[in-house]
Amino acid sequence: MKKIFLPFLFLFLSISSFAQTKTGTFDTDFVLSKMPELTNVQEDLKAYNTKLEGDLKVKIDAYQALIKVYQTGESTMTDAMKKTKQQEIIAAENDIAKFRQNGNGLVQLKQEELLRPLYLKIGKALDEISKAQGYSQVFTINNNLAYIDPQYDLTKAVLTKLGIKVEDQK
Numbered sequence: 001m002k003k004i005f006l007p008f009l010f011l012f013l014s015i016s017s018f019a020q021t022k023t024g025t026f027d028t029d030f031v032l033s034k035m036p037e038l039t040n041v042q043e044d045l046k047a048y049n050t051k052l053e054g055d056l057k058v059k060i061d062a063y064q065a066l067i068k069v070y071q072t073g074e075s076t077m078t079d080a081m082k083k084t085k086q087q088e089i090i091a092a093e094n095d096i097a098k099f100r101q102n103g104n105g106l107v108q109l110k111q112e113e114l115l116r117p118l119y120l121k122i123g124k125a126l127d128e129i130s131k132a133q134g135y136s137q138v139f140t141i142n143n144n145l146a147y148i149d150p151q152y153d154l155t156k157a158v159l160t161k162l163g164i165k166v167e168d169q170k
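Just so we're aligned: the sequence shown equals residues 1 to 170 in my numbering.
Treat the hints as calculated values from the structure; they're not laboratory data.
Take these hints with a grain of salt, some might be off.
[Unchecked claim] Taking lysine-lysine and the BS3-like style, the derived pairs with C-alpha atoms no more than 27 Å apart in a straight line are: (1) 68 to 46; (2) 98 to 85; (3) 34 to 124; (4) 22 to 57; (5) 68 to 57; (6) 34 to 46; (7) 22 to 156; (8) 22 to 59; (9) 51 to 98; (10) 161 to 131; (11) 121 to 161; (12) 124 to 110; (13) 165 to 121; (14) 68 to 22; (15) 98 to 131; (16) 83 to 98; (17) 82 to 59; (18) 83 to 22; (19) 22 to 124; (20) 57 to 46; (21) 156 to 121; (22) 124 to 156; (23) 82 to 124; (24) 124 to 51; (25) 34 to 161; (26) 110 to 59; (27) 131 to 34; (28) 59 to 34; (29) 22 to 161; (30) 34 to 110; (31) 34 to 156; (32) 46 to 85; (33) 98 to 110; (34) 165 to 124; (35) 131 to 110; (36) 57 to 98; (37) 121 to 46.
Construct the entire structure; sequences and hints are all you get.
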């Protein structure tokens, strides 16, 4: 058994030592910033934000109207009517607070929704280039990398694949 196992182990170790992995780097944020579609995403996000601000203004106006009605008619209201109006005002205050709190989350969700097709497009181009050039691993560039050999940076190749022209930065 040992006579059969040792040659296979030696063969496996020999083959695995010759197997090289080719790694590269890629700057997703840079490619995204150069995509012309990003302008449309930013405009759509701005329009969505404006819509949310309009919705908030409607809620604030309704709240102020409730307060005005309460203040002008307080002297003629019964205790039950006062309590009902106060509960309406408190409900409106809570609604405004909740809307403000959820607003940032809604904007972030909308941004992710609008950017998803761009990231998919970038990912597809990176996948095609990585396979065509024989890369087994591609790391995204972030502040944690100490040195990156430009020879293995796929950012320019992806930009070219997407039809985006960028001047060389020195």
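Here is how each hint holds up against the structure:
no. : hint       : verdict
1   : 68 to 46   : violated (33 Å)
2   : 98 to 85   : holds (20 Å)
3   : 34 to 124  : holds (16 Å)
4   : 22 to 57   : violated (55 Å)
5   : 68 to 57   : holds (16 Å)
6   : 34 to 46   : holds (19 Å)
7   : 22 to 156  : holds (17 Å)
8   : 22 to 59   : violated (57 Å)
9   : 51 to 98   : holds (17 Å)
10  : 161 to 131 : holds (13 Å)
11  : 121 to 161 : holds (10 Å)
12  : 124 to 110 : holds (22 Å)
13  : 165 to 121 : holds (16 Å)
14  : 68 to 22   : violated (71 Å)
15  : 98 to 131  : violated (48 Å)
16  : 83 to 98   : holds (22 Å)
17  : 82 to 59   : holds (21 Å)
18  : 83 to 22   : violated (72 Å)
19  : 22 to 124  : holds (19 Å)
20  : 57 to 46   : holds (16 Å)
21  : 156 to 121 : holds (15 Å)
22  : 124 to 156 : holds (15 Å)
23  : 82 to 124  : violated (62 Å)
24  : 124 to 51  : violated (33 Å)
25  : 34 to 161  : holds (13 Å)
26  : 110 to 59  : holds (21 Å)
27  : 131 to 34  : holds (23 Å)
28  : 59 to 34   : violated (38 Å)
29  : 22 to 161  : holds (20 Å)
30  : 34 to 110  : holds (20 Å)
31  : 34 to 156  : holds (11 Å)
32  : 46 to 85   : violated (36 Å)
33  : 98 to 110  : holds (18 Å)
34  : 165 to 124 : holds (18 Å)
35  : 131 to 110 : violated (32 Å)
36  : 57 to 98   : holds (14 Å)
37  : 121 to 46  : holds (22 Å)
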